[in-house]
Amino acid sequence: MSVEKAEKKSQTAGNRVTDKKLNDYVRSIVCRLAKEYCQDIRIYIMRVPMFNASMYPNGMMHIWTGLLLRARNEAQLATVLGHEIGHYLRRHSLQRFKTYMNTSNSLIFAQMALAVAGAPAVGDIMNIVARGSLAAFSRDHEREADGYGLLLLAKGGYDPFEASKIWKRSIREAKADKKYSSPSIFNSTHPQSEERMKVLNDLAGRVWTDETVTTGLDEYKSVILPLRASFLRDELDQRNFSSTEELLEILIEDGANLSELHFFKGEMYRLRRKKGDLDKALNSYRESLALGNPPSVVHRQIGLALRRQGDAQGAKDSLKKYLELNPDVEDAGVIRQIIEESEE
Amino acid sequence: MRNGIFIILVATILSSCGGYKLVNKGKEIEVGNSMFTTPFNDWNSSKDGDVVLWTMDGPMLQQIIFVKGAEDGDYLIPVRVNGTHTLDKKVPKFKKDMTSIEVVELFESTFKRLGAQNLEISNVRPYEAAKTKGFRFEFGFLTKDGLAKSGSTYGILKNKRLFMVIYSGANIHYYDKGKEDFEGIVRSLRIL
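In the order they appear, the protein sequences are chains R and Y.
Numbers given in our numbering equal positions in the first sequence, counted from 1, plus 22.
Numbers given in our numbering equal positions in the second sequence, counted from 1, plus 435.
Don't take each hint at face value.
Beta-carbon label-pair distances, calculated as ranges [what the hints assert, rightly or not]: (1) 593(Y) <-> 331(R): 18 to 28 Å; (2) 346(R) <-> 595(Y): 28 to 38 Å; (3) 80(R) <-> 517(Y): 23 to 33 Å.
In case anyone wonders, no lab produced these hints; they're calculated from the structure.
Every residue, glycine too, gets a C-beta built ideally from N, C-alpha and C.
Make the full structure from the sequences, and use the hints.
Printed below as a string of structure tokens:
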């Protein structure tokens, strides 16, 4: 399929996320990174529960919701977006640079050597691309893209030390996957994450500038948290429970809306159905309740788990509590039916 | 699994590469496993293992899926890995301890694995048919290509088995075309 055809399909795809606030937000990050090339890049956020973003040679960029779920802050998302933009800039600037390099080769190499040797004064993007194609990142396209990404990140005013952190999270999740089928396509086709983490951390020190650096945590939370429950539901539908369990641990360590996270941990155990999971599910639901402001269905889910454990009275009490707290819920009729059946 | 309907993870929920048989209107027919119904109109029937599919104009336009007595450990609908006959093992299975709420959840996960995008379920409620207390709900989704579809479902849990009649169709014309007949099919259900 041609890229143009693929883009037409992307435009009408059923899983394209059209939420304006989210699209505007992601575009603002892409523009902050790509600067004068921002208008060349067309963003398609796709509802796919995996860690990935991809850049097509015509400027089409796909960002999967699994990435939005996994990044802790704007700088971590920008790390991946910067990497993808790096691919694009490399491809589209190479030809122009070829001419330039042929005529002023020694100058460019001197600049690049400087950039590699010490803290570069982060210049215009073409300069970054020129530097990026040298030794620090090797000739390997992925490593180069990592390098461009990091420079774009720093130039965009983001904390470059966040770059290695998103890979650290990704490694933890991949290692937890007992079947070794990494949840991250991005990860599996890219440089070894451990090596990448080390290189990115080293480079972060070199590209650090005295300009204001931010992680963009608050901005990220304000846009992503309202959507996170739907991302988590999609994640559970993947039924990669080992890696999801680790992902939830990572998100819990981050500490944003813990009640929601413990609820989804409960959901994960209830759906997994391994020995002892119902107890774990109930503990997680109760933790969610204790933290305050849990999802409205928490008592219903406690009731369903207790019913499966054979605690008919406990189940009935929880289902009644759910109806008492949510008298107008749509499923009230079937909940009453379940209660009645347990009394028969 | 017998060859019949080939259920794939693309634009449609059920896409047939097997043969169809005519279902005559006005006559009671056993869909299978002692599940009987009487359609008002002629339909075309095909099947994949325990799942039976009826359509008037083609499964991409409208379809009724009959789940005729799924037992503990059965898939609600067999989902194939994209482009192959291999079953997608990540699809959850029906369990005999499930309530109607958990069946709705099973439906949601199964349809998402079949490729339904932005699936929204609404109006989950009790409903009696076939002289048995069951449940109903409506749903809407987009296919991978962005075609908007609506659906309506009736389910019964009887003797630890699950019976369901799942109707869906394209919002433009085809959902409405088969909806009334679907209601008649549900009303005339008999499960022995």
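Hint check:
In this structure the supplied range 18 to 28 Å holds for residue 593(Y) paired with residue 331(R), their Cβ-Cβ distance being about 23 Å. Hint check: residue 346(R) to residue 595(Y), Cβ distance near 30 Å, so the stated range 28 to 38 Å holds. Separation of residue 80(R) from residue 517(Y) is about 25 Å and conforms to the stated range, judged on CB atoms against 23 to 33 Å.
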